[in-house]
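> Here's the letter readout for the chains.
2 protein chains.
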Amino acid sequence: MTRQELINQIKEKRSFLCVGLDTDITKIPEHLQEEEDPIFAFNKAIIEATEDLCVAYKPNIAFYESYGVRGWHALQKTWQILPKHCFSIADAKRGDIGNTSKMYAQAFFDRTVSGMSFDSITIAPYMGKDSVTPFLDFEGKWAIVLALTSNEGSKDFQNFTNHEGKQLFEEVIDKVNQWGDTENLMYVVGATRGEAFLEIRKHAPDHFLLVPGVGAQGGSLQEVCKYGMNKDCGLLVNSTRGIIYASSGKDFAERAREEAILLRNEMERELIHHGII
Amino acid sequence: MTRQELINQIKEKRSFLCVGLDTDITKIPEHLQEEEDPIFAFNKAIIEATEDLCVAYKPNIAFYESYGVRGWHALQKTWQILPKHCFSIADAKRGDIGNTSKMYAQAFFDRTVSGMSFDSITIAPYMGKDSVTPFLDFEGKWAIVLALTSNEGSKDFQNFTNHEGKQLFEEVIDKVNQWGDTENLMYVVGATRGEAFLEIRKHAPDHFLLVPGVGAQGGSLQEVCKYGMNKDCGLLVNSTRGIIYASSGKDFAERAREEAILLRNEMERELIHHGII
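For the protein sequence lines, the chains are V and X, in the order given. Residues in the first sequence are numbered from 1 upward in steps of one, following our numbering. Residues in the second sequence are numbered from 1001 upward in steps of one, following our numbering.
If we strip away everything but chain V, and leave its shape as in the complex, we get (with noise of 0.2 angstroms):
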């Protein structure tokens, strides 16, 4: 999917909702464990209960690999059913040197290898350019780079500051923006402190920003909209507990949606309030 498509998607279905696919099969409701598997009719369940609100979704790799063979087999047949409106996003935070971050490129690009073809995947920085660059050699698909994460652990390197008082997070973006652009690189900014998005904007003013963190908790959200948005937007948002464990009941489905309503009415909102709809 081109960012021209991606705002296109966000502008017709007014929200710039990302659902997190993170399908835990010990928290699934009960009755779908006598299924053959489990976890993709759970993933069928809720893409189609919401998937005319969000413009993403964001498949979490380590619940699949946790399961083996058999989870990535639930991967590859949940790939299959994303709709092809939706930007879908491999949430697999690689990286490695050149000749192995191909491999893993062509994990999630290359569907005549792999069985998969996802329009992004997250991509953890610490070994530098050729860890990246592979990625970005996939006409069409995007590399999400991680900068600033919403975890407690977050502040233990990504803080490191220079003698300059510049941060390892900012550093990465910059040195990070050099070998891409806005049509194939975004970055994945916490929401834990929205403050935090005036920094992330000095040196991404246009990209897109990946965004875990926000939850059914309102508040934040606004937050994120007043620092991080821009003109185009620029900014998915993703919730995953908050929708799909929204009850472990047989109406897990329906009340996804109705949580998924709920943050699409407020994302609308914000879209209106500057001026993007």
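Everything labelled a hint here was simulated from the structure, so no lab data went into it. Some hints here could point you the wrong way.
[Said to hold, decoys possible] In the DSS-like style, the derived pairs of lysine-lysine whose C-alpha atoms are separated by at most 27 angstroms in a straight line are:
#	chain 1	residue 1	chain 2	residue 2
1	X	Lys1102	V	Lys166
2	V	Lys175	X	Lys1175
3	X	Lys1102	V	Lys77
4	X	Lys1027	V	Lys155
5	X	Lys1226	V	Lys175
6	X	Lys1027	V	Lys129
7	V	Lys166	X	Lys1166
8	V	Lys27	X	Lys1102
9	V	Lys155	X	Lys1155
10	V	Lys102	X	Lys1226
11	V	Lys102	X	Lys1102
12	X	Lys1155	V	Lys129
13	X	Lys1102	V	Lys155
14	V	Lys166	X	Lys1129
15	X	Lys1166	X	Lys1077
16	V	Lys166	X	Lys1155
[What the hints assert, rightly or not] With beta-carbon atoms standing in for the labels, derived distance ranges:
#	chain 1	residue 1	chain 2	residue 2	range
17	V	Gln4	X	Pro1205	52 to 60 angstroms
18	V	Asn265	X	Asp1137	37 to 45 angstroms
19	V	Glu183	X	Ser1248	58 to 66 angstroms
20	X	Arg1269	V	Thr2	54 to 62 angstroms
21	V	Lys27	X	Gln1178	25 to 33 angstroms
22	V	Leu198	X	Pro1205	38 to 46 angstroms
23	V	Glu12	X	Pro1205	56 to 64 angstroms
[Unchecked claim] Reference listing, derived: stretches of chain V covered by chain X, where coverage requires no fewer than 3 residues with Cβ under 8 angstroms from a Cβ of chain X:
#	segment
24	125–133
25	154–168
If you're wondering where the values come from, they're calculated on a predicted model, not measured in any experiment. Quick reminder that beta carbons are idealized off the backbone N, C-alpha and C, glycines included.
Starting from the known structure of chain V, fit chain X onto it as the hints suggest.
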């Protein structure tokens, strides 16, 4: 495998060789392409030809993942035939927020869920403490954290330096040291400059180091040992292409064995020279 068991293996085999199983279907001998599972057939032959010469095997997960479900199946079968007297390393370079890293740990450590249980996994440290510690919660398992890698891009961020002149890779070692100990933590340190080990050993004098970047080229092994070896050896030196792709003919396994013998002999000399055996 415990640290003491690993040291015993090194002394017994007079070797600290790790054989990388970066098995690329486009590079394995033509006559194997007719096998039902060429990747597995290749690995089996390489393992049988080298298991008395090396103390560790390191499948690079990207090479399996790139073939999707079929690749994971080959990986799982390969794990099953890894000899118990060899330390097994899932070279996966994973790392995510706490609950997700736990899933990755399950994928590579918990055979009851994923079908595999490696001794160790390589970890990218960018996301900090909660991305690393879930791997340390598994009794008897190891996290091998990227510190200073051997690729061209390693200098992009790993040498990022704070106002005291401390580089990111040093900060990584100092911080990660606090989360585990020499019984469950190792570091990846590339062999490109032997003298870099002087710096590394200031921060991690006792830890084992996993060293990629030593190939058929002899000189650098001596340098790595000169600056990096400690009283317990403290090194696992990896060779991949120089061994597994020594020949692309029917003699690939014999030739792999010959190359492994050359490296093992050189390692034996170093172990004697440093008074370890």
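> Each hint needs a verdict: does it hold in this structure or not?
Outcome of the hint check:
With a C-alpha separation of about 32 angstroms, the suggested pair Lys1102 of chain X and Lys166 of chain V falls outside the 27 angstroms cut-off, and the hint is violated. Distance restraint check for Lys175 of chain V and Lys1175 of chain X: the Cα-Cα separation of roughly 24 angstroms lies within the 27 angstroms cut-off, and the hinted pair is therefore satisfied. This hinted pair checks out: Lys1102 of chain X and Lys77 of chain V have alpha carbons roughly 24 angstroms apart, not beyond 27 angstroms. Between the alpha carbons of Lys1027 of chain X and Lys155 of chain V the distance comes to roughly 42 angstroms, so the proposed pair goes past 27 angstroms and is violated.
Taking the CA atoms of Lys1226 of chain X and Lys175 of chain V, the gap is near 35 angstroms; set against the 27 angstroms cutoff, the hint is violated. The straight-line distance between the Cα atoms of Lys1027 of chain X and Lys129 of chain V is roughly 25 angstroms, inside the 27 angstroms bound, and the hint therefore holds. About 14 angstroms separates the Cα atoms of Lys166 of chain V and Lys1166 of chain X, which keeps this hinted pair within 27 angstroms; it holds. A C-alpha spacing of about 15 angstroms is found between Lys27 of chain V and Lys1102 of chain X, which places the hinted pair at or below 27 angstroms, so the restraint holds.
In summary, the hint linking Lys155 of chain V to Lys1155 of chain X is supported, as the alpha carbons are separated by about 21 angstroms, within the 27 angstroms threshold. Our distance criterion of 27 angstroms between C-alpha atoms is broken by Lys102 of chain V and Lys1226 of chain X, whose separation comes to about 34 angstroms. Between Lys102 of chain V and Lys1102 of chain X the CA atoms are separated by roughly 26 angstroms; this keeps the pair inside 27 angstroms, and the hint holds. Between Lys1155 of chain X and Lys129 of chain V the alpha-carbon distance is near 9 angstroms, which keeps this suggested pair within the 27 angstroms criterion.
For the hint linking Lys1102 of chain X to Lys155 of chain V, the alpha-carbon distance of about 20 angstroms falls within 27 angstroms, and the restraint holds. Under the criterion of a C-alpha separation no larger than 27 angstroms, the hint pairing Lys166 of chain V with Lys1129 of chain X is consistent with the structure, at around 22 angstroms. Between the alpha carbons of Lys1166 of chain X and Lys1077 of chain X the distance comes to roughly 43 angstroms, so the proposed pair goes past 27 angstroms and is violated. For the suggested pair Lys166 of chain V and Lys1155 of chain X, the alpha carbons sit about 17 angstroms apart, so the restraint of at most 27 angstroms is met.
Roughly 55 angstroms separates the CB atoms of Gln4 of chain V and Pro1205 of chain X, a value that falls within the hinted 52 to 60 angstroms. Between Asn265 of chain V and Asp1137 of chain X the Cβ separation comes to about 40 angstroms, which falls inside the hinted range of 37 to 45 angstroms. Separated by about 39 angstroms at the C-beta atoms, Glu183 of chain V and Ser1248 of chain X break the suggested range of 58 to 66 angstroms. The supplied range of 54 to 62 angstroms is met by Arg1269 of chain X and Thr2 of chain V, whose beta-carbon atoms lie about 58 angstroms from each other.
Restraint check, Lys27 of chain V to Gln1178 of chain X: a C-beta distance of roughly 32 angstroms satisfies the suggested window 25 to 33 angstroms. As the Cβ distance of Leu198 of chain V to Pro1205 of chain X is approximately 43 angstroms, the hint placing it in 38 to 46 angstroms holds. Our hint of 56 to 64 angstroms for Glu12 of chain V and Pro1205 of chain X holds, since their Cβ atoms are close to 60 angstroms apart. Beta-carbon proximity to chain X at under 8 angstroms applies to 8 residues in the segment 125–133 of chain V; the threshold of 3 is reached and the given coverage holds.
With 10 residues having a beta carbon nearer than 8 angstroms to a beta carbon of chain X, the segment 154–168 of chain V meets the requirement of three or more and the stated coverage holds.
Of the hints listed earlier, those the structure fails to meet are numbers 1, 4, 5, 10, 15, 19, in rising order.
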